[in-house]
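A.B. asks: Listed below are the residues making up each chain.
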Amino acid sequence: MMKSKVSRPLIQMKQFYMLSVLLLLLSGCYGDDKGSLSANSVIYCAEGSPESFNPQTVTSGTTIDAVSYQLYDRLISFQTEDNEIGPSLAKSWHVTRDGKMITFYLRKDVSFHQTDYFTPTRPLNADDVLFSFNRLLDPAHGFHHVSGGKYPFFQSVGFSSLVEDIEKINDYTVRFKLSRADSSFLANLATDFAVILSAEYAQQLAAAGNHQKIDLQPIGTGPYKFKEYRVGSLIRYYRHENYWRDQVAIEQLVYDITPSKTARLTKLLANECDVIAYPVAHEKITEHPNLTLEAVTSFNVSYLGFNTQKPPFDNKLVRQAIAYAINKQAIIEAIYFGHAEVAKSLLPGSSWAHDESISGHGFSIDKAKALLAQAGYPDGLTMDIWALPVQRAYNPNALTTAKLIQADLQQIGVTVNIVSNYEWSTFSRLLARGEHQAVLLGWSADHPDPDNFFTPILSCASMNTGNNRAFWCDPAFDDFLYQSLQTTNTRERKKHYAQALRILSEEVPLLPIAHSRRYQARHKNVQGELLHPFGGIDFSGVSKN
Amino acid sequence: MLVFIIRRLNLFFFTMLLLTLLTFSLSFLFPGDPLVNLSGQINATPQQLEQLKLAYKSDQGIMQQYFAYLSHLAEGDLGLSMASQTQITSEIINLLPATIELSLIALMLAMFVGIPLGFIAAVNHRKTADNIILSVAMLGYSVPVFWLGLVAILVFSIQLGWFPSAGQLSLVYEIEHVTGIQFIDILLSDSVYKWQAFRDASAHIVLPACVVATAPATIFIRLARSSMLAVLETHYIKAARAKGLTFRQIIFRHAVRNSLLQIIRHIGLQFANLVTIAMITEVIFSWPGIGRWLIESIYQRDYTGIQSGLLVLSTFIFIVHIVTDFIYAALNPLAREHNHGTS
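Chains as they are written, first to last, in the numbering used here: chain A, 224 to 768; chain B, 54 to 396.
Heads up, a few of these hints could be off.
Only some residues are given here: those of chain B computed to face chain A with a beta carbon under 8 angstroms [to be verified]:
| hint | residue |
| --- | --- |
| 1 | Gly85 |
| 2 | Thr142 |
| 3 | Ser143 |
| 4 | Tyr226 |
| 5 | Ile228 |
| 6 | Gln249 |
| 7 | Pro341 |
Keep in mind that the hints were calculated from the coordinates and are not lab data.
These numbers were taken from a predicted model, which means no experiment stands behind them.
Just so you know, even glycine gets a beta-carbon here, dropped at the ideal spot from N, CA and C.
Start from the sequences and build out the full structure, keeping to the hints where you can.
C.D. replies: Here it is, written out as structure tokens:
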């Protein structure tokens, strides 16, 4: 009709030129796919934004995933094969017979990141180790109070009372003096949190008065160096060219922050992400020819924590009643699709300290009703449950879990309001201030030692850092933990932990729900091991073909 | 023309006054302390609160408070976002260009598709082509945008894999933020991967722009059709026909131009509609624009964010209105003489 035979040549020519220019523009950029940037980059769709770029200052798994293994190294690390402690920045170490003095011998060939904002002049030496630990131990240290002065992991394991002194023997030898023997000390140094920062960078910042930049524009020795961070949107890392281990195979590592789990799946299917965290629709992924699904058994627990400082949960009977009224088996089937075990206590069955005699709270509406009446709430009560807004290995869908609990508790007359509208960093800040009544949260262990399940989240020390979301403190419980750390005899320790677990089972500051597996999906062309049973994701061995 | 300009500026002034009055009163209507709602300072120390009280004059009369608020606005200070505790002004400056880019491209798309189709329908009045175009327009107008967006992702990104489903640009390309309009930034950047990035950005905008453009395009079809029909009925067209001009000459020389003029008047009105659609589309396609940010603010009860986002978006739409009015007036001398403006 009109369009096919336009007669005015002027218009036609104009349109023709514009069209051909456009086509030229578009076609000019075809054909150079070989050297394309995306072939040398890995995009990881992460579930949330990091709170800091220094793992010393946080405990959240999201931040650890984003930062710990990518930017930093530790003195010692867990070997992937057997979870034994092996060398890292320290090539060897020596523990005296009384267990109170530990000497580390450092590698001499470790270089720090060179970035737009920092150029290192020397390799790693003892000063960096001293700086990294003194910062969190010594309140008078110039960097101690930067970023809030909280070092939740170290404070919760009582690091500052444990370490008496750190001494520089020579440039490449450091000695830790402990106030008492502690069987979990080496394991704590190998965790994601015990990273080594650059003392030289800190000096440079201090001279310029920019102390706070140390945790925002990080410098470390890890396989990747920091390039940029856009809040809530992305983190960009480049390869660290002088990494002391094997050269990293890819040029660029990008974290695409995608809180929605369906959006992550969509991006994986639409080839916008190479690897995604906490995938949903497992069958869909396994069926797809280009995708693989991986799982690692990780040491974790998901729990319903009660704020024991606030009514009604300052009453032990109410906590017990709730514990009896929740059908954990149903949660495991609906939320974890059976890929998890019912948590009988805080410790997973695979931990050596697990005690079969502790059976936890069964599902019993009658007991729950009786307890609730005994507590003075025969007509029930109303409570808030805060559901964590991100997916974690220990709970892939906290909101649905909260809804299941809501339905369970309805049966004993408890009305549940679900609070789920905060973004992760706000959520975590409000929790630390104790604004919740009950919260669905969890914990992933940082190392195989059972102490890691107790001290960081339930000790009195962790209450002060706000990491003890139950705000529960029991000196008797703390004492069992302390005694267990005093000895290296496993049988002794197991006895103490069994006592501690009994207290938990009676007091119920939190109700363990499930121990799950951590999942991850990726495109088949992305190779290398990414997940460890403990702690965060590690991209140092990744390659793409 | 002078009267026209003065009338428009007058309108602008009073609308802005009403708008700021609305956002100002919102801080009292939202739960919580009005001062905190206005400034967004949720963790302020007592000293900081004192300073804020002074700055916002909250111990004085309501008029003084309003003028203090206005002076803060005039300085470009919209307060802090309650959720992220960063300056809202800088967040908006970062996000608004992405929305402008998406809306403008969608508007262009809607016009370039909708208007010619409308003309074709008018020329073939009451024939098969007309009926088909009208039914397609009706269908496109009735489809809800959130559904269309999801189906587009399902079909074109997941099943066919032609276009990406989220964002403005693949994250591997590092393009410096200069203007905020992605295409301009890419052309300005000195990255060696510039052309790869340009292609990637074009692929990213296709789906969201088409989704946003669908509803306005159908409106343009109907507008173009009715205005063309009206023009074809006029006497000068009849005269031209009587003079023996061919059908094509009549359409391209006279009818198209005159009916376009009527359509331009409606672009401003359509723009508000388009931005609303773009807000929903931004959420679906994770487009880093102000609409998504505003919806997130609502979810997080970021009152300062809601208030400022509302103000900025409305101002933006209003400015577009006025600009189209001016364009219309410049093109159509008759409109300038009109004493009673159209919008």
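A.B. asks: All hints, please: hold or fail.
C.D. replies: So, going through the hints one by one against the coordinates:
1. Gly85: The hint is violated - B/Gly85 has no Cβ within 8 angstroms of chain A, the shortest such distance being about 15 angstroms.
2. Thr142: Since the shortest Cβ distance to chain A is 15 angstroms, the answer is violated.
3. Ser143: Check failed: Cβ of B/Ser143 comes no nearer than 11 angstroms to chain A, outside 8 angstroms.
4. Tyr226: 6 angstroms, holds
5. Ile228: Given a least distance of 11 angstroms, the restraint on B/Ile228 is violated.
6. Gln249: 6 angstroms, holds
7. Pro341: 6 angstroms, holds
Checked against the numbered hints given earlier, the structure breaks hints 1, 2, 3 and 5 and satisfies all the rest.
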